[in-house]
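All chains, full assembly: derive it from the sequences and hints.
From first to last, the protein sequence lines stand for chains A and B.
First residue of the first sequence? That's 1 in our numbering, and the numbers climb one at a time after it.
First residue of the second sequence? That's 1 in our numbering, and the numbers climb one at a time after it.
Be aware that one or more of the hints could be misleading.
Stated by the list, open to error - Quick list of in silico lysine-lysine cross-link-like pairs, DSBU-like style, CA-CA up to 35 Å:
no.	chain 1	residue 1	chain 2	residue 2
1	B	K241	A	K221
2	A	K219	B	K145
3	A	K270	A	K51
4	A	K219	B	K241
Stated by the list, open to error - Covered stretches of chain A, going by a simulated chain B footprint (3 or more residues, C-beta under 8 Å):
no.	segment
5	156-163
6	183-197
In case anyone wonders, no lab produced these hints; they're calculated from the structure.
Note that the structure is a prediction, hence the values are computed from the model and not measured.
Think of the CB as a built atom: it goes at the ideal place given N, C-alpha and C, for glycine as much as any other residue.
Residues per chain, in single letters:
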Amino acid sequence: MLAVAVVAVVSLSLSYWYYTSATQKLSGTIEIDGSSTVFPITQAVAEEFQKSNPDVRVNVGISGTGGGFKRFTKGETDISDASRPIKDSEAQTAAQNGIEYTVFQVALDGLSVVVNPSNTWVDYMTTQELNLTWRPGSPVDSWNDIRPEWPNQPIHLYGPGTDSGTFDYFTEVIVGEVDASRPDYTASEDDNVLVQGIAGDPNALGYFGYAYYAENTDKLKVVPIDSGSGPVIPSDQTINAGQYTPLSRPLFIYVNKESLKRSEVKAFVKFYMENAEQLVAEVGYTPLPASVYQENLTKL
Amino acid sequence: MQSNNELEAKKKVQRIREWIIEKALFASAIVSIFTTLAILAVLLFEAAGFFQTVSIIEFFTTTVWTPLFQPQHFGVLPLIWGTVLVTLIALTVAVPIGLGSAIFLSEYAPDQLRRVVKPILEILAGVPSVVYGYFALTFVTPFLKQNFLPDMIVFNALSAGVVLGIMIIPMISSLSEDAMLAVPQSFREGAYALGARKHEVALKIVVPSALSGIVASFILAISRAVGETMIVSMAGGSTPKLTLNPLESIQTMTAYIAQISLGEAPYGSIEYRTIFSVGITLFALTFAVNLIGQWVAKRFWKRY
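Structure, rendered in structure tokens:
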């Protein structure tokens, strides 16, 4: 009698285990943190992924590219969103902590300069004008300090904080040195705060990732950028064709190799690459050619 | 009847127990002192490292604070001023309302009303500071912007200061009220007998007699306001500057320390060390406020 019971229990458990692994019920938690620019993409992927894998929790934070790397290089997160490549010092910290990682390029961003919709005088801005406005010790206090024809109204600047990868990138390509910026602007790592601020201030000028403009085209006006060959508006065509310079930049995710050994993380990254082309476009950034995503899949 | 030996043994056990309890209580007291000294030691040690690179003169006299930008400047005055500005705004809100509530509750309110209003005021003290910060950012700023100041920007000293003031009201009202209740009733009765009106009794007899306790409540509220981090981080901004305009965004010492600690400054770098130099400045400021408070309280203290 006991033997029958034992056999029954064992075979039931075996068939349940086989059933669950056959239907691939993934479970676990995936920790992601980093760039607020990349956040909309990763969040969209996470939402879709969790629909088909309800037992997996994906937590996506927005500590900024730098803040994200700080956690990633300590092994606190599985994936780090980044709007700039990892710095040497951060890579060193990772090596010291025995963290190995793989980089995946996921999208292109046309970093956008925006103004309030009631700003009628800005038709375009040159990179020299942006440099003049944003560099340390800038003499610009009013709009007519940039261009004399513009009105004599005070200019209010908005931008990401110093932890932001967007800040690092913008200062490097516009001002010429990383972290070199005038400090008297409204800073926030949360791009939504910047959107609100600029949308409510007629004298505002700010910059952030294109997706935040794309989501708020009714509240913001994007500024065409002239880097020597005429004003260019950020769009999929101009970014892919390399015309929107110097503000086109690649967006990355860095994945901890140790984490990749977990089935739920591997499945998530695979899902990411398989759906990036569509989701990146939905979010508002420029997707990479399909070949890049295919190549990313081979790295798994 | 116990034998002599048994009695001796019992006494010895009791003595040992007393000794253990005394030492245990002493140890508890020592832990707090030791913790304070340890914090001070860490601050001093790391700040010393900072001051080897940046001169103390430059730190305390120059007026630009940009350790996270290139080029770096290390003048702490804008941060100190940010703290002072927000605290001043908080006091202009909290002192009239707090003292007014205290006078009302101790001199005018019937007992029933007092028993209802006082606990409600204390609820204000129980609200977490992060909730206050959120309140400032999502209610106070839009409210002020829509109805009074259309040019207001999202981060500013005024919203942070006002909400900070609301947070410290219970400190002032509670302690001042206790101080006023301690004034003997005979003082009031004597004044009434001389023909004084109720408001004269309240303002010219009770408040001056309770001044020591009232000032102590102010000092406590100031200390609290100076040390507050969450509200000013969320609503005050992150742009240190010396400005008299409360509608501009500023940064307090506490908000700066929070920003750096949560950010990406590498361990051991000069940016990291600013945590400790600003920390020790904050510590010194709070300590000074407490010393002044103790001196003032002692000066005005009257025994009844």
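Here's how the hints hold up against the structure:
Between K241/B and K221/A the alpha-carbon distance is near 29 Å, which keeps this suggested pair within the 35 Å criterion. Distance restraint check for K219/A and K145/B: the Cα-Cα separation of roughly 18 Å lies within the 35 Å cut-off, and the hinted pair is therefore satisfied. Our distance criterion of 35 Å between C-alpha atoms is met by K270/A and K51/A, whose separation comes to about 15 Å. Of the supplied pair hints, the one linking K219/A and K241/B holds, its CA atoms being roughly 29 Å apart against a limit of 35 Å.
Coverage of the segment 156-163 of chain A by chain B holds in this model, with 4 residues showing a Cβ closer than 8 Å to a Cβ of that chain against a need of three. Taking a C-beta to C-beta cut-off of 8 Å, the segment 183-197 of chain A contributes 9 residues in contact with chain B, enough for the three needed, and the coverage statement holds.
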